[in-house]
Amino acid sequence: MDARDIILRPVITEKSTNLMDDKKYTFDVLLTATKTQVRNAVEEIFDVKVKSVNIMNVRGKDKRVGRYTGKTARRRKAIVTLTNDSNDIKIFQDENKEDNK
Numbered sequence: 001m002d003a004r005d006i007i008l009r010p011v012i013t014e015k016s017t018n019l020m021d022d023k024k025y026t027f028d029v030l031l032t033a034t035k036t037q038v039r040n041a042v043e044e045i046f047d048v049k050v051k052s053v054n055i056m057n058v059r060g061k062d063k064r065v066g067r068y069t070g071k072t073a074r075r076r077k078a079i080v081t082l083t084n085d086s087n088d089i090k091i092f093q094d095e096n097k098e099d100n101k
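Reminder that position 91 of the sequence shown reads as 91 in full-length UniProt numbering, one-by-one numbering, no gaps.
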């Protein structure tokens, strides 16, 4: 399986943005992905060293449209911690910081 199939998308929220200061990056990953697969995928795609990986399953929420009910899709979220000597992941850097340089 290709590394780009395991990492689906980055999670950009206020909480995940605050975690980036501690070199922790949050991704949505494949539902069947393991910690080892996520570690190898992040190291291969972003050329960084991973210290640890925490994975959690997020259940789908109940949603209503009028009288019809449904569920949002469940997902699997991974918080990847990088080593101290590793570079930051470029995809998460603030665009304004790059423009001011």
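Be a bit skeptical, because a hint or two may be false.
Here are the computed lysine to any residue pairs in the SDA-like style, where the Cα-Cα straight-line distance is at most 25 Å [claimed, not checked]:
id: 1; residue 1: Lys35; residue 2: Val65
id: 2; residue 1: Lys15; residue 2: Ile79
id: 3; residue 1: Lys35; residue 2: Val53
Since the hints were made in silico from the structure, they are not lab data.
Here is what the structure says about each hint:
1. Taken as a hint, the lysine 35 and valine 65 pair is broken in the structure, with Cα atoms around 36 Å apart against an allowance of 25 Å.
2. A threshold of 25 Å between alpha carbons decides the hint, and for lysine 15 with isoleucine 79 the separation of about 12 Å falls inside it, so the pair holds.
3. For the hint pairing lysine 35 with valine 53, the CA-to-CA distance comes to about 6 Å; that is within 25 Å, so the pair holds.
In terms of the numbered hints stated before, the structure departs from hint 1 and from no other.
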